[in-house]
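**Q** Construct the complete structure from the given sequences, taking the supplied hints into account.
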Amino acid sequence: MGNASSMLTQYDIEEVQEHCNNLFTQQEIVSLYKRFCQLDRNAKGFISADEFLSVPEFALNPLSQRLLKMVDGLNFKDFVAFLSAFSNKASIQQKIELIFKVYDINSNGKVSFNDMLSVLRDLSGSFMSEKQREQVLSGVLEEAGYTIDSFLFLDDFIKVIGNSGLKMEVDVHVD
Amino acid sequence: MDLDRPNIEEYLTTDSIHKPQEKLLLRDLLDISPALTEAAGAIIDDSFTRCFKSNPPEPWNWNVYLFPLWCFGVVVRYGILYPVRVLILTIGWIIFLSSFTAVHFLLKGNDKWRRQMERYLVELICSFFVASWTGVVKYHGPRPSMRPKQVFVANHTSMIDFIVLEQMTAFAVIMQKHPGWVGLLQSTILESVGCIWFNRTEAKDREIVARKLRDHVQGADNNPLLIFPEGTCVNNHYTVMFKKGAFELGCTVCPIAIKYNKIFVDAFWNSRQQSFTMHLLRLMTSWAVVCDVWYLEPQNLKPGETTIEFAERVRDIISVRAGLRKVPWDGYLKYSRPSPKLTELKQQIFAESVLRRLEEK
Numbered sequence: 001m002g003n004a005s006s007m008l009t010q011y012d013i014e015e016v017q018e019h020c021n022n023l024f025t026q027q028e029i030v031s032l033y034k035r036f037c038q039l040d041r042n043a044k045g046f047i048s049a050d051e052f053l054s055v056p057e058f059a060l061n062p063l064s065q066r067l068l069k070m071v072d073g074l075n076f077k078d079f080v081a082f083l084s085a086f087s088n089k090a091s092i093q094q095k096i097e098l099i100f101k102v103y104d105i106n107s108n109g110k111v112s113f114n115d116m117l118s119v120l121r122d123l124s125g126s127f128m129s130e131k132q133r134e135q136v137l138s139g140v141l142e143e144a145g146y147t148i149d150s151f152l153f154l155d156d157f158i159k160v161i162g163n164s165g166l167k168m169e170v171d172v173h174v175d
Numbered sequence: 001m002d003l004d005r006p007n008i009e010e011y012l013t014t015d016s017i018h019k020p021q022e023k024l025l026l027r028d029l030l031d032i033s034p035a036l037t038e039a040a041g042a043i044i045d046d047s048f049t050r051c052f053k054s055n056p057p058e059p060w061n062w063n064v065y066l067f068p069l070w071c072f073g074v075v076v077r078y079g080i081l082y083p084v085r086v087l088i089l090t091i092g093w094i095i096f097l098s099s100f101t102a103v104h105f106l107l108k109g110n111d112k113w114r115r116q117m118e119r120y121l122v123e124l125i126c127s128f129f130v131a132s133w134t135g136v137v138k139y140h141g142p143r144p145s146m147r148p149k150q151v152f153v154a155n156h157t158s159m160i161d162f163i164v165l166e167q168m169t170a171f172a173v174i175m176q177k178h179p180g181w182v183g184l185l186q187s188t189i190l191e192s193v194g195c196i197w198f199n200r201t202e203a204k205d206r207e208i209v210a211r212k213l214r215d216h217v218q219g220a221d222n223n224p225l226l227i228f229p230e231g232t233c234v235n236n237h238y239t240v241m242f243k244k245g246a247f248e249l250g251c252t253v254c255p256i257a258i259k260y261n262k263i264f265v266d267a268f269w270n271s272r273q274q275s276f277t278m279h280l281l282r283l284m285t286s287w288a289v290v291c292d293v294w295y296l297e298p299q300n301l302k303p304g305e306t307t308i309e310f311a312e313r314v315r316d317i318i319s320v321r322a323g324l325r326k327v328p329w330d331g332y333l334k335y336s337r338p339s340p341k342l343t344e345l346k347q348q349i350f351a352e353s354v355l356r357r358l359e360e361k
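Protein chains in written order, with this note's numbering: chain A, 1 to 175; chain B, 1 to 361.
The reader is advised that the hints may include incorrect statements.
Unchecked claim - What follows is a list of derived Cβ distance ranges for each label pair:
id : chain 1 : residue 1 : chain 2 : residue 2 : range
1  : B       : Q274      : A       : D72       : 42 to 52 angstroms
2  : A       : T25       : B       : Q274      : 27 to 37 angstroms
3  : B       : R282      : A       : R41       : 19 to 29 angstroms
4  : A       : K167      : B       : N55       : 26 to 36 angstroms
5  : A       : K167      : B       : E202      : 20 to 30 angstroms
6  : B       : Y335      : A       : T25       : 44 to 54 angstroms
What the hints assert, rightly or not - Here are the simulated lysine-lysine pairs, DSS-like style, with alpha carbons at most 30 angstroms apart:
id : chain 1 : residue 1 : chain 2 : residue 2
7  : A       : K34       : B       : K262
8  : B       : K177      : B       : K204
9  : B       : K23       : A       : K159
10 : B       : K302      : A       : K34
11 : A       : K167      : B       : K259
12 : B       : K326      : B       : K177
13 : B       : K259      : B       : K244
14 : A       : K101      : B       : K302
15 : A       : K44       : B       : K53
16 : B       : K23       : A       : K110
17 : B       : K326      : A       : K34
18 : A       : K167      : B       : K23
19 : A       : K34       : A       : K131
20 : A       : K131      : B       : K262
21 : B       : K53       : A       : K34
22 : A       : K101      : B       : K23
Claimed, not checked - Chain A stretches covered by chain B per the calculated footprint, using a threshold of three residues with CB under 8 angstroms from any CB of chain B:
id : segment
23 : 8-16
24 : 19-29
25 : 32-46
26 : 120-126
27 : 140-154
Simulated from the structure, these hints should not be mistaken for laboratory data. Since the model is a prediction, treat every value here as computed from it, not as a measurement. In this text, a Cβ means the ideal position worked out from N, Cα and C, and glycines have one as well.
**A** The structure is reproduced here in structure tokens:
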């Protein structure tokens, strides 16, 4: 690494910082850029799905396919913006927004019973039967005041997950 | 059943399990933050990619008087050292090839003498190689002896590991067959010391190779066998998991630890970034290659220990001696995806926690 194209100018750093609403410091952005260049093997300017999957810890995550849809082909600016939800400076609302986006796979602004079932399926695999999943989900939904026909919006997510100590932070190591 | 991965669940963090006595609520199912956090953590930094990152030595030529000094150094290295080294290597090759062919044919009848001469000649050419990069190799510990039922294992950083070790003792080795001039070298020279070929991409290859290994260590006449159980080159800061093949041959395992000093050049061969020829060229145009080799105490399988535990124990011995960090990944993940069983493990943990909390109602 270290060819001319992988040098960030001060302008670039400031642009990226603005784009992620100052949730990362400039040094963190430089660190993330090094990582971005490391993953983007042929300096194309984005990381392909295959390159993400070459990180074993990512590939074995049950939600990897869902996340791939969100990060595949992102340029560096958007890559940082995506990761900014995991900054310790990000608000709870931003984190819940990301969670909502993971559920709302068709991006229509609402999450249905089937959407929730689909995520539950990814997380539990073959270790729960479809019937058990439907049972569990409908049970907790009804207890929270919803039905299986309800659509959940971002506000519902915020209400349900809200301030119950949501921990969604990752540290960016700075040399 | 893939028995190659020992207790990897110990290394993988479980999804954050909410206190198991509490009733299951909607919020518990909607909150996928543990899985997301793990994924984001892996994107930002992961212990596997770190093993294969080249860490070149820090540049020191950054001011007015250091820069010309460095330029002068470049001139000396490329203009004087490099041609001299090429000359030395060429002379070495001429001597070796002529002596080797001579010995091979003249001593045809006298097998014992022939093999001894061939061994000596292989050690000689390796010494020439090491001289061609001004190798400063310090060997610690008792030199390997030729005894049956023993196998040597070492950590792997570059193909030169083999040359560095071979100059001291003519090992037989198990290697991936390479294309080009390296392959030619392998088929001609190495055949004489006894080499076993394997092919990473062939699945059935493992059994064939295992059998060849076993046959080799049984023979009293064969050269001691050297195996690099990591299966791939790692950057000399970490060790990846050892493959159990070397540890289930029913013989003593003698660990060897190799640590390169990066003061003049980084000896890690990043096969994704450069070919072996370029790598050699880089070594031949640096001041020196400095390394330490430790021959460590031979180990045997302890009663009640599994092969995998044995492999991990030896890996621990080598990592501690050479100051390397251990990483719970299989080196072959460089070429393939992790087994879906690992994902299934995470799913199982999650499913069981949900079902358990359901029963708490």
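**Q** State whether the coverage of the segment 120-126 of chain A by chain B holds or is violated, taking the criterion as 3 or more residues with Cβ-Cβ distances under 8 angstroms.
**A** Since 5 is at least three, the answer is holds.
**Q** Between A:K34 and B:K262, does the CA-CA distance stay at or below 30 angstroms?
**A** The given pair, whose Cα atoms are some 21 angstroms apart, holds under the 30 angstroms limit.
**Q** Could you grab the alpha-carbon distance between A:K101 and B:K23 and see if it respects the 30 angstroms cut-off?
**A** 26 angstroms, holds
**Q** Regarding B:R282 and A:R41, is the given constraint of 19 to 29 angstroms on their beta-carbon distance met?
**A** 20 angstroms, holds
**Q** Does A:K131 pair with B:K262 here, judged by a C-alpha cut-off of 30 angstroms?
**A** 59 angstroms, violated
**Q** Has the segment 19-29 of chain A got at least three residues whose CB is nearer than 8 angstroms to a CB belonging to chain B?
**A** violated (count 0)
**Q** Should the hint that A:K167 and B:N55 are 26 to 36 angstroms apart at their CB atoms be regarded as holding?
**A** The hint (26 to 36 angstroms, Cβ to Cβ) holds, given that A:K167 and B:N55 are roughly 32 angstroms apart.
**Q** What's the verdict on A:K167 and B:K259, does the C-alpha distance respect the 30 angstroms limit or exceed it?
**A** This hinted pair is violated, its Cα atoms lying about 40 angstroms apart.
**Q** Are there at least three residues in the segment 140-154 of chain A whose beta carbon sits under 8 angstroms from a beta carbon of chain B?
**A** holds (count 5)
**Q** Would you mind confirming whether the straight-line C-alpha gap from A:K101 to B:K302 stays at or under 30 angstroms?
**A** 53 angstroms, violated
**Q** Check the hint pairing A:K167 with B:K23 against an upper bound of 30 angstroms on the C-alpha distance.
**A** 20 angstroms, holds
**Q** Holds or violated: B:K259 and B:K244, Cα atoms, limit 30 angstroms.
**A** Holds, at roughly 22 angstroms.
Violated hints, in rising order: 1, 5, 6, 10, 11, 14, 19, 20, 23 and 24; the structure is consistent with all others.
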